[in-house]
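K.L.:
Construct all of the structure, not just a fragment, from the sequences and the given hints.
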Amino acid sequence: MSSTSSTARSPMAPPRSFLWSRRIFLTLLTGFVLLPVYVMVSSSLKPLADVSGKFRWLPSGLTIRPYIDIWSTVPLARYFVNSLIVAGAATVCSVVIAVFAAYAVSRYQFRGKRVFTVTVLSTQMFPGILFLLPLFLIYVNIGDSTGIALFGSRAGLILTYLTFSLPFSIWMLIGYFDSVPRDLDEAALVDGCGPLGALLRVVVPAAIPGIVAVAVYAFMTAWGEVLFASVMTNDTTRTLAVGLQGYSTLNNVYWNQIMAASLVVSVPVVAGFLLLQRYLVAGLTAGAVK
Amino acid sequence: MTTTTASAESGERTVRENSPGAARGPRRTGRIKRIGLPYLLLLPALLLELLVHLVPMVIGIVMSFKELTQFYIRDWGTAPWSGLDNYQVSVDFDAPVGEALLHSFLVTVAFTLLSVGLCWLIGTAAAIYMQDTFRGRGLLRALFLVPYALPVYAAVITWVFMFQHDNGLVNHVLHDQLHLTDKPSFWLIGDNSFVALLTVSVWKGWPFAFLIVMAGLQNIPGELYEAAALDGAGLWQQIRRITLPSLRPVNQVLVLVLFLWTFNDFNTPFVLFGRSAPEAADLISVHIYQASFVTWNFGTGSAMSVLLLLFLLVVTGVYLLLTSRGRKTADV
Numbered sequence: 001m002s003s004t005s006s007t008a009r010s011p012m013a014p015p016r017s018f019l020w021s022r023r024i025f026l027t028l029l030t031g032f033v034l035l036p037v038y039v040m041v042s043s044s045l046k047p048l049a050d051v052s053g054k055f056r057w058l059p060s061g062l063t064i065r066p067y068i069d070i071w072s073t074v075p076l077a078r079y080f081v082n083s084l085i086v087a088g089a090a091t092v093c094s095v096v097i098a099v100f101a102a103y104a105v106s107r108y109q110f111r112g113k114r115v116f117t118v119t120v121l122s123t124q125m126f127p128g129i130l131f132l133l134p135l136f137l138i139y140v141n142i143g144d145s146t147g148i149a150l151f152g153s154r155a156g157l158i159l160t161y162l163t164f165s166l167p168f169s170i171w172m173l174i175g176y177f178d179s180v181p182r183d184l185d186e187a188a189l190v191d192g193c194g195p196l197g198a199l200l201r202v203v204v205p206a207a208i209p210g211i212v213a214v215a216v217y218a219f220m221t222a223w224g225e226v227l228f229a230s231v232m233t234n235d236t237t238r239t240l241a242v243g244l245q246g247y248s249t250l251n252n253v254y255w256n257q258i259m260a261a262s263l264v265v266s267v268p269v270v271a272g273f274l275l276l277q278r279y280l281v282a283g284l285t286a287g288a289v290k
Numbered sequence: 001m002t003t004t005t006a007s008a009e010s011g012e013r014t015v016r017e018n019s020p021g022a023a024r025g026p027r028r029t030g031r032i033k034r035i036g037l038p039y040l041l042l043l044p045a046l047l048l049e050l051l052v053h054l055v056p057m058v059i060g061i062v063m064s065f066k067e068l069t070q071f072y073i074r075d076w077g078t079a080p081w082s083g084l085d086n087y088q089v090s091v092d093f094d095a096p097v098g099e100a101l102l103h104s105f106l107v108t109v110a111f112t113l114l115s116v117g118l119c120w121l122i123g124t125a126a127a128i129y130m131q132d133t134f135r136g137r138g139l140l141r142a143l144f145l146v147p148y149a150l151p152v153y154a155a156v157i158t159w160v161f162m163f164q165h166d167n168g169l170v171n172h173v174l175h176d177q178l179h180l181t182d183k184p185s186f187w188l189i190g191d192n193s194f195v196a197l198l199t200v201s202v203w204k205g206w207p208f209a210f211l212i213v214m215a216g217l218q219n220i221p222g223e224l225y226e227a228a229a230l231d232g233a234g235l236w237q238q239i240r241r242i243t244l245p246s247l248r249p250v251n252q253v254l255v256l257v258l259f260l261w262t263f264n265d266f267n268t269p270f271v272l273f274g275r276s277a278p279e280a281a282d283l284i285s286v287h288i289y290q291a292s293f294v295t296w297n298f299g300t301g302s303a304m305s306v307l308l309l310l311f312l313l314v315v316t317g318v319y320l321l322l323t324s325r326g327r328k329t330a331d332v
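Residue numbers (this note's numbering), protein chains in the order written: chain Z, 1 to 290; chain G, 1 to 332.
A portion of the hints provided could be inaccurate.
[Stated by the list, open to error] Partial selection, computed: residues in chain G whose CB lies under 10 Å from chain Z:
no. : residue
1   : Asp132
2   : Leu256
3   : Phe270
4   : Ser302
5   : Val306
[To be verified] Here chain Z is said to cover these stretches of chain G; the calculated rule only asks that three of the stretch's residues, wherever they fall, bring their Cβ under 8 Å from a Cβ of chain Z:
no. : segment
6   : 150 to 158
7   : 284 to 292
Derived by calculation from the structure, the hints in this document are not laboratory data. Virtual Cβ for every residue (Gly too), placed ideally from N, Cα, C.
P.N.:
See the structure below:
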């Protein structure tokens with residue numbers, strides 16, 4: 001947690017073989033990583049003719065038309081809002097719940113602690129497909145018997161998504177809270193804070209990097225999920241994950257618009273991720289990797 | 001971890017006894033509060049995990065013993081019991097359903113081994129190469145994390161475009177520019193689809209390995225390297241003797257997580273191929289999805305899911321047993 005930027009490996013200068021192989025390896029890897037990014041960006045600025053015929057490295061002419069058309073070809077704005085609501089709400093709930101759970105595990109000794117951590121973590125290995133069908137039926141049945149519409153609604157999706165990020169979030173925060181000195185919350189308890197006060201006023205502020213990392217992870221999980229979104233949404237609640245498929249019609253595939261839309265929906269997460277990646281690395285160092 | 005928690009707990013107890021907060025209410029409620037508090041804090045997480053993971057899992061297991069077709073979806077409890085029929089159908093490898101499942105399983109195993117191996121290799125190499133500071137390191141690190149940060153569907157749909165037969169980049173480069181093939185290949189149908197899927201999966205997955213190994217590298221004490229350097233170990237030797245062995249505990253978790261994620265991956269093949277994947281790239285998640293939602297036969301789909309879960313449980317158990325034993329002896 002303390003030394004996130006660098007560790008001194010060797011006081012000597014690295015040997016030639018190392019420098020050369022590094023140069024080659026990193027160059028190739030950069031090409032591999034950036035190729036789709038280049039295709040996405042360049043194709044989103046091409047006229048339709050350029051993306052319908054043979055692939056062109058350079059556009060015949062630049063146009064921002066795809067960025068205007070994406071909003072009318074499919075109701076992208078609605079999908080966008082749906083995704084924002086679903087991913088935002090799932091993130092907030094997931095983080096709050098994970099903070100409480102991780103605090104309990106990190107600071108208290110209680111019966112069933114091990115069972116809890118093992119059970120929660122093991123849900124990570126369930127194939128999503130195993131509980132997709134039953135969950136689908138549960139939501140339909142809850143809707144039929146109580147009138148609470150979970151199937152097809154944003155609430156159902158929020159509920160589902162927040163549990164996806166929960167196990168990893170709890171796991172990471174336990175490690176993070178463990179690294180926050182206990183003297184700090186004991187001091188807070190002496191000062192008259194209850195355990196919750198100690199959590200909120202001392203432990204949480206000290207663990208902000210870990211919490212930010214967990215929030216980023218939770219948001220990305222919800223923003224990118226396809227399987228449950230494809231089954232559990234309808235026309236009004238459809239999220240970007242499913243909505244993006246609407247750019248291919250029977251007659252034509254608007255590849256330039258698909259690329260433009262992909263770019264537009266990626267920008268919020270990629271920008272957020274890159275801004276906060278330091279926290280994520282720090283959070284992983286303190287929490288997950290020990 | 002357990003010992004420190006225990007001491008903190010006892011420390012906290014004495015503190016609470018003297019704190020003004022404890023005197024607020026009667027002593028008994030204070031104790032109940034203290035015992036109940038961890039459970040109270042866990043309650044939301046527990047309830048949600050129950051609702052979304054555990055209860056559906058139990059129902060899934062029950063469903064796998066029922067003849068659950070579309071007629072019973074609104075009221076699945078009334079579906080007739082069918083004993084082990086669904087399992088028999090799933091593992092009857094001479095009949096079409098079982099044969100297809102076995103094929104899909106083998107494809108998934110091969111795909112997972114290759115993908116996890118490559119992701120781990122590339123991620124570890126990149127992390128080790130980037131351990132020392134050099135110009136542009138920060139920028140490169142940010143770039144390398146882009147595939148991980150991109151939403152799956154946006155990234156994979158770009159690959160779909162690149163793999164197009166007529167207007168894709170891959171055929172343009174391989175056929176038109178390098179003349180490596182006689183005619184443009186199909187990448188998203190036929191046998192090539194396995195290569196396409198593997199490429200996308202590695203492209204998408206290696207940054208996670210990179211991220212975790214990078215974090216793991218920072219926990220290796222610098223003194224180890226200094227001591228090795230004093231002993232005359234060169235950089236390559238330091239990597240082999242210190243870096244890689246020190247990463248072992250990190251790798252234990254990393255490889256397992258990569259394995260489970262890749263094996264269960266649905267998003268990548270689903271966006272890449274749509275509802276029906278080509279045979280060569282028929283991953284098990286999509287296969288079960290199709291068996292359930294296209295034929296509306298939830299009973300058989302559930303039986304297949306249960307078999308998949310059993311397999312993953314066994315593999316994880318054996319893996320943890322083997323690696324933990326190796327780790328213990330290595331630690332001594």
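K.L.:
Starting from the hint list further up, note which numbers the structure goes against and sort them upward.
P.N.:
Those not satisfied: there are none.
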